[in-house]
Every structure is written in structure tokens, then in C-alpha cells.
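Trainee: Here is how the chains run, residue by residue.
Protein chains: 2
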Amino acid sequence: MTAVVQPDPIELTPRESAQDARRSQILDAARTCFARSGFRGASMQEICLEAKMSPGGLYRYFPSKEAIIEAIAQDERCGAAELVETMRGTGPLLDRMIGCAMGYFAYMRDPGACELMAEISAESLRNSEIGKRFAKIDDSVRDVMREVLTEAIEKGEMPEIADLDATIGVLQAAVDGIALRQIHDADLSLDRVEPLLRRLVAGLLGMKA
Amino acid sequence: MTAVVQPDPIELTPRESAQDARRSQILDAARTCFARSGFRGASMQEICLEAKMSPGGLYRYFPSKEAIIEAIAQDERCGAAELVETMRGTGPLLDRMIGCAMGYFAYMRDPGACELMAEISAESLRNSEIGKRFAKIDDSVRDVMREVLTEAIEKGEMPEIADLDATIGVLQAAVDGIALRQIHDADLSLDRVEPLLRRLVAGLLGMKA
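The listed protein sequences derive, respectively, from chains A and B. Each residue of the first sequence is one higher than the one before, counting from 1 in this note's numbering. Each residue of the second sequence is one higher than the one before, counting from 1001 in this note's numbering.
Keep in mind that the hints were calculated from the coordinates and are not lab data. Cβ coordinates follow ideal geometry from the N, Cα and C atoms, glycine included. Careful: at least some of the hints might be erroneous.
Pairwise CB distance ranges (calculated) [to be verified]:
| id | chain 1 | residue 1 | chain 2 | residue 2 | range |
| --- | --- | --- | --- | --- | --- |
| 1 | A | ASP110 | B | GLY1056 | 46 to 56 Å |
| 2 | A | SER17 | B | PRO1055 | 52 to 62 Å |
| 3 | B | GLU1194 | A | SER128 | 25 to 35 Å |
| 4 | A | ALA135 | B | SER1043 | 27 to 37 Å |
| 5 | B | GLN1019 | A | GLU85 | 51 to 61 Å |
| 6 | A | GLY156 | B | ILE1153 | 48 to 58 Å |
| 7 | B | PRO1063 | A | SER64 | 36 to 46 Å |
| 8 | A | THR90 | B | ALA1162 | 24 to 34 Å |
| 9 | A | LYS136 | B | GLY1041 | 18 to 28 Å |
| 10 | B | THR1090 | A | THR90 | 46 to 56 Å |
| 11 | B | GLU1085 | A | SER64 | 46 to 56 Å |
| 12 | A | GLN45 | B | ALA1135 | 25 to 35 Å |
| 13 | B | GLU1157 | A | GLY156 | 27 to 37 Å |
| 14 | A | GLY89 | B | ALA1186 | 27 to 37 Å |
Same shape as in the complex, but just chain A (with noise of 0.2 Å):
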């Protein structure tokens, strides 16, 4: 999921490599501190000591915090695409959907990934421009939501709904909604979330659990 998108392996130079791990390394260290300390609590004065850089060799690759923050967003969304993607597939809808769900919620799972999503959304709420460099990515994950849901009422796999983009809407706010609790609610592991999920999507498209 936080794959960096980089060139073709064939087509790098050592020196490209070496600075693509570079690269890589700031990033990591730039998510463990605006998953410690927020967006707006961390330094690049922070950032610098967690990747055991200096100033000077951070700056070469990242010129502001922003430049980082973008970096991110681009690569969570190059995350999020590759998880949506899986909601295409063949296979029954309940079950393309129930399964991108839970490879979102297992990627949350990672250190420090659920508690960068808060922050987003702190700052989506914000309406900051941090926010709307990340709220692309929810628009982009709604437009394939709306694609699939679309086809699988043309096919006769679901009912037709009244309301479809409340009804994505919904969707998305409850799904983020688990993928945050999970965290901390002992009682929300994967294994015995996934059947309750299935009920409650399966209600709300008017479709057999």
C-alpha cells in the first residue's frame, strides 16, 4: 500500500536506487512523526532526527514539510487505487466489496497508518489545504464505488437504489468509521468483523447477507 511509485528497476542507475531509498527513508520517518505528533506538531527539525539525517541531506530531497505531506498523499493514493482496483473483479459484488474492506482495514493495521487517516480526516475537516490534497483520493474511491454499484444493478447482481450517492456516502463513512475503531476495540478483529460487515452491507443494498 505505501509502495513508493518508483521508475522501472531495469532502467536505475545505482545512484537512482540510492536515492530512491533516500527518498523512501524520509518518507517513513516524515509518517512516524505526523502519525506522533499531527500535520501541524511535527517539525522538519523532528523529521530530520527520525531518519538520522541532516537538515541540509533532507532538504536536498523535500524543500518543506509540504513537499513531504504531498509526497505521501500521492502515495496513498497510488495505495488506494491498487486496493479499489480489487473491487472490479469477478465473483459475487458481496464478496469483491466485503474483501477490498478488509484489505483497507488490515493496511490501518499497520504502525502509525490509522493514526495518519485521523489526522487526515482532522484536516479534511479543516478544509485545509492538506485536507483537499488527501480528499482527492476519497473522490477517486467513491467514482469506482459508483462505477461497480452501477454495473452490478445493470446485471441484476443488486436491486436498484434510490439513492446511490448517499448510499456510497454511507458506505464509506461506515467502512472508515470500523477501519478506525478497529484499532482500539479488542472486539473488532478482522476475523469477526468481516461477517458483521457483510449484514450491514448487504442491508443497507438490500441484498442476502
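Following the hints, put chain B in place on chain A, whose structure we already have.
Mentor: Here is chain B on its own, set in the frame of chain A:
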């Protein structure tokens, strides 16, 4: 929801009443600041400015930012307890549960309420002292839900549930997720969310919507 617990009005001397008003003024200002800058980002100085009070005046009521946060947590606890009581009432189980959630969504639309909730959830994930303070509210909501659902099962209002604890967690998670998202998602107006939430809850609890 945000009302400060006050002594009975007839027992108020004018001085106590002025003190309470002052206290409310500080807490309202602090909520605005926390919503804007976060618990960590907001300073006592910022809160003084927002409350239009001198530091000396403010410190007479609250010796520290922690004391202010504790008072807000206490207010939130009272508000949540009041709201969650509506789940007990009479009438069909689904109506009571949806009514309670809709009241929560409406409250979250108050200026700053949702930003504060996002801040609280970020702090909960960090397992900080602030987070722990607010986690108690969540526990008490869960306790009431367990009572209400257990009684409904005993009365035959809903079918037996295999995993009640996880079901309650998923329900809380979905409702929290919707509460957050409805603020910035134009599709999630209260009137459009209500029928969808009903389908979602009915599906999860194995009831007819």
C-alpha cells in the same frame, strides 16, 4: 448537548451565576480554539484571546489547558449520557436507535463539534491522557447499547445475535463514521441519511428495515 452542569438555578447567588457564565465563556472559546488548532496546537494564550480575557482572569478558572480539556470531556460525557438515554424509551427498537443516532448527527453539525470529535479520535489513537479521558464516554455509550439490545433480544424485538460485543462496536463505528463524513459530504443531509441508516442497522441486527 454542550450545556455545563449547573447547580439548581434557585440556589444560585448572583456571584455564582456570573462565575458560571464566565466558565462557559472560557469553555466555548476553548472549543473554538481546539477545533481550529487541535488540542496540542492551541495555546492558553490563543484561548485567552478567543475568550477576550486576560491570562490572569482565565487562570482563576482553569489552572492549565489540561483542566480545560477535562471540563470539556465532562460536558461531553453529560451530553452523550442524555442523548443515549433516548435509546431506552418506548416504541420500536429501530426507531429508538435511529432517533438517537440522528440526534448525534444533528449535534455534530454544531460549529466546531465535529472538528473537536476528530481531534478526540486522533488523541484516542495516540492513547494519550486526553484520549483516555474521552474513551470513558465511549464506554458508557457502549454499556447503554448493550443493555438496550439485550433487553430487546429478551423481549423478542430482535433475533439473538452471535457476537453482541463486536456488533455494538461495528454499530458505534458506523455511526461515528457517518457523523464525521456528513459534515463535508453534501450528499449526506440528515433526511437522506435516515432511511439508509435504518437499512444498515436493520441489516446488522437481522431485523426488517
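Trainee: What are the numbers of the hints the structure violates, in ascending order?
Mentor: Going through the list in order, the structure violates hint 6 alone and respects the others.
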